[in-house]
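Participant: Residues per chain are reported as follows:
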Amino acid sequence: MATKSTLAFEPGWQYDPAPESTDHVSLRDSYGLFIDGEFTPAASGKTFETINPATQAPIASIAQAGSEDVDRAVAAARKAYDTVWSKMKPAERGKYVFRIARAIAERAREFAVVESMDGGKPIRESRDIDIPLASAHFFYYAGWADKLNYAFPGVNPKSLGVAGQVIPWNFPLLMAAWKLAPALAAGNTVVLKPAETTPLTALKLAELVADVGLPPGVVNIVTGAGDTGAALVRHPDLDKFAFTGSTAVGRDIMRTLAGTGTPYTLELGGKAANIVLEDAALDQAVEGIVNGIFFNQGHVCCAGSRLLVSEAIAEPLLDRLRTRIDTLIVGDPLDKNTDVGAINSEAQLARINEYIDIGRAEGAEIWQGGSDAPQSGYYCRPTLITGVAQSNRVVQEEIFGPVLTVQTFRTFDEAREKANNTPYGLSGGVWTDKGSRIFKMTGALRAGVVWANTFNKFDPTSPFGGYKESGMGREGGLHGLGAYLDLGMGAGA
Amino acid sequence: MSGERARLDVAKTYKLYIGGKFPRTESGRYESFERSDGAGAVNVCRASRKDFRNAVVAARGAVAGWSAASAYLRGQIIYRIAEMLEGRAAQFAAELHAEGVAEAAAMAQVEASVDRLIYYAGWSDKYTQVLSSVNPVASAHFNFSLPEPTGVVAAVLPQQPGLLGLVSVVVPAIVGGNTVVALASESHPLSAVSFAEVLHASDVPGGVINLLTGQRDELLSHMAGHMDVNALALCDVTADAGNAAEKAAAENFKRVRRFDNVDWSADASASPWHIEAFQEIKTTWHPVAN
Amino acid sequence: MSAAEPRQPDLARVTPVDTVGVEERVARFRSRSIKTASKVAGLKLALSMIDLTTLEGADTPGKVRQLCAKAQHLHERMPDLPTVAAVCVYPTMVSVARDALGDSGIEVASVATAFPSGQAPLSVKLDDTRMAVEAGAAEIDMVIARGAFLAGDYDTVFDEIVAVKTACGDAHLKVILETGELGSLDRVRQASMLAMAAGADFIKTSTGKIKPAATMPVTLTMLHAIRDHFLETGVQVGMKPAGGISVAKMALHYLVMLNETLGAKWMTPRWFRFGASSLANDVLMQLEKQATGRYQSPDYFSKD
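Chains as they are written, first to last, in this note's numbering: chain V, 1 to 493; chain D, 494 to 783; chain C, 784 to 1087.
These are computed hints drawn from the structure, not numbers from a lab.
We put the beta carbon where it would ideally sit given N, CA and C, even for glycine.
Some hints could be false.
With a straight-line cut-off of 20 Å between C-alpha atoms, the simulated SDA-like cross-links for lysine to any residue are [what the hints assert, rightly or not]:
| id | chain 1 | residue 1 | chain 2 | residue 2 |
| --- | --- | --- | --- | --- |
| 1 | V | 440 | D | 561 |
| 2 | V | 95 | V | 83 |
| 3 | V | 336 | C | 1085 |
| 4 | V | 95 | V | 149 |
| 5 | C | 1072 | C | 1054 |
| 6 | V | 457 | D | 779 |
| 7 | V | 440 | D | 635 |
If you want the ones that stay clear, here's a sample from chain C, every Cβ over 10 Å from chain V, calculated [as the list claims (entries may be wrong)]:
| id | residue |
| --- | --- |
| 8 | 866 |
| 9 | 904 |
| 10 | 921 |
In isolation and in its complexed conformation, chain V is listed as follows (with noise of 0.2 Å):
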């Protein structure tokens, strides 16, 4: 054929907004720090504000905990352990996270529609993702609290006592789920804070637990920056302490909990190679890609952020995701029809936006596609870098964003070694129609989560958590659990 035929989407038929109704929503001008059941101001009575990344309006004013406050919050916590939480009967504790599970399905839609005005993610993935399984991950995690003899069998588990979380602004709620349902189930108690750009549901949350009769300081809920952390790990009366964030805090995290024999649990960054090998179910391929990168803006730190596609289908899939992508529609977090919506902050645009002007000075080519982003707020169209090698930095560095960077392979064995070439090892993908190479490729993996002709999928009963720099230990599922208990000698730190 003399020209090529090529689909046209433009102009198509376009959907008119379908915005996501908020009068159900109550929110309050300000929140306290949620200690001993109660919200509290901060000690010094300093606040900061949290934005609407869409609108760059300010929601809500926050108090921003120091030192003094995470004091109080710890010392809430030891006594709610001491006097209550561990001296309850393990079916009585799950009762209560039980409930929980089952306060946040109730108030789902609210918290989907807080979920997305605060961190700028779109509608359909709060309301369809991180809430559901924030609920389901409770849910899971009560049934354990009076099981947990059968978990682990023969060792008699424990409790450990009062642990310290922190949790990044990706999935705000999902993540306070995945930190507390856990830790509540096997007996512990909490001081939690929450990433300073999306504390509100975490919030909503915390008003959640007292409605359900919580026992004041089994759950305490600290607001802040990184010092606010940096006080928490610091202090000298956890028992445990988990983050999810980025490498380089997890690395100061360790180093901070070095030799104090307190255990913990990290998940941190990765940047996760997706491979489709020629064989491959091509359309489902492009989807699984698309999800991978474009799921949550790419603030994922499972995204699969490098595509390895083998030479000999390169350019259709190449072809066909260019035409997917192009569908995808950029815009308003609280509009249903949402693909991509607005990127955390302001800070992290300009990161991201830094990362493509590097790609493009490393002499790679950049492509963005969908629809045209608003001209308010922060967003970034999907973003694919081609012609780039192992050697760039766009290959080697988590973009954290919609940023998908594409290389080619020849053989198997190259894209396993180009895959785990990197210090991190938190997720990968592998697309094939061949049984006996998915195995392989996924056995050959050096990542925590693999998925096989899937991306990006979550679970309660699913273990989560990295190899080498992307973290160490699990949360999710039967090895989540033991992140929380005392197992004896050598099983837990």
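Once you have looked at the hints, place chains D and C on chain V.
Facilitator: Positioned in the frame of chain V, the structure of chains D and C alone reads:
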């Protein structure tokens, strides 16, 4: 006893064990040990950081093959180590005695070491079943989690018991598919060197276990700082040295396990949790459909 | 477009399909929220794509004439409504429908080739086809030989389609795969490629006589096959899901899927049809609701 000996003893040269070979330390340094059985002094290599570096290269090179060996084969090989050790029980007991261990205790330690090898040989094709899970996810996927070896483990072995401590720390790491670079007891190093000979006769591939003798103070910081070491097992190191090692380990997120004041003769000091200590859990998702 | 000799494709080389992935993609289409003006536009488009169908043993000329009347007068109270695309009947009813539709612009489509089983000799199938065309059918909906396909006898399936296409003359050929009998999406994609290579103008999911009939995963798989055929040959092929699409919301989901898979070139009745008997009234009820703000009752919409 006549004062005239029929023949002169042939003394053993105590060397390092790296990559299935017995080199002397590249540094040429040694330390003298006075045998408590009156047989005179022996010289033991004082390994350098370069010896350690070479051992890590050997250990890394052995990871792919050893971790891919079948669980059955790893179990067979570890059982074979036990057989070889059993056959040389008298030699090891004498060597431990020469390091100051009472005779009865020395033989008991050798026997316990053989039994511990067999204990872990038996775990080889079982720990995966105990540490794995099939996870009933809510979507149409088959989802399972299983342990995989962390990689290269650097170990500072217990000062005492010299042989049983070595076996108790190193073997659970290798049964799980890791390879090890171990620094033997400073105070009781002789049986470690002899143990290398047992390994050498037991079908253990070169590089899977590498044994160094030398000074903890000198080598620990290099072990903790090496970027191609994935985990540290630190036995009875001082608080300061241990804490410094943990800090250094953060650079590449080594998994650090510290073992202080463990009674390695107790049954409770052996368990699948010692294998689990140097395993990573991998979760795999597969769609289920026709 | 060149009219090259049809060549049978190597079905072993057809792109594999992962069912779970297809279902996830379909769930995304279903989660689209179509509001206000875009909803009205979508509903009207859906209406214009309907092949209003009656395929019963009990069909009579009277029944077919009533259906043709409905096709031309969907809901007189509403101005600016399109008509349906075609009326779809058995060959014996084609002439009745042709007369009844007159110069309305609505086409007559006829099933043929021993519909719905296809269990007849080729000569009978070809006679069936010629008879329908001669009686005025502008579109022929044939069934493939599923038994032969499942037995791996692709030559028979392919050759039959080629022969029927020839028998159609100028009439458009829609090839029914009867996906409910094919067993997997891989087989659906292979059958789609085979049918298109043999000369299908449209590929169609189902006869409506087998459950499941049209589903979104099956239709998406066929749309992907159509895209592949188009990108490779430049030849545009139409798509017709049939059976089971009875409510407007479902039709909008299909249009979302079409819009985001094949795009603007296919968003017309020329290239996309719904084979349906009761869909039209539900679309009309939704249009009325959009216009008045009141939820509707079937009592206010004519049923033929």
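Participant: Each hint: holds or not?
Facilitator: Hints, verified against the model:
1. A C-alpha spacing of about 11 Å is found between residue 440/V and residue 561/D, which places the hinted pair at or below 20 Å, so the restraint holds.
2. At most 20 Å may separate the alpha-carbon atoms for a hinted pair to count; residue 95/V and residue 83/V meet this at roughly 18 Å.
3. For a cut-off of 20 Å, the pair hint linking residue 336/V to residue 1085/C is broken: about 35 Å separates their Cα positions.
4. At most 20 Å may separate the alpha-carbon atoms for a hinted pair to count; residue 95/V and residue 149/V meet this at roughly 18 Å.
5. With a C-alpha separation of about 28 Å, the suggested pair residue 1072/C and residue 1054/C falls outside the 20 Å cut-off, and the hint is violated.
6. Simply put, residue 457/V and residue 779/D have alpha-carbon atoms about 10 Å apart, close enough for the 20 Å limit, and the pair holds.
7. Restraint check: the Cα-Cα separation between residue 440/V and residue 635/D comes to about 16 Å, which is no more than 20 Å; the hinted pair holds.
8. For residue 866/C, the shortest C-beta to C-beta distance to chain V comes to about 20 Å, beyond the 10 Å cut-off, and the non-interface label holds.
9. Separation of residue 904/C from chain V is adequate, the least Cβ-Cβ distance of about 37 Å exceeding the 10 Å criterion.
10. For residue 921/C, the shortest C-beta to C-beta distance to chain V comes to about 26 Å, beyond the 10 Å cut-off, and the non-interface label holds.
The structure shown violates the earlier hints numbered 3, 5.
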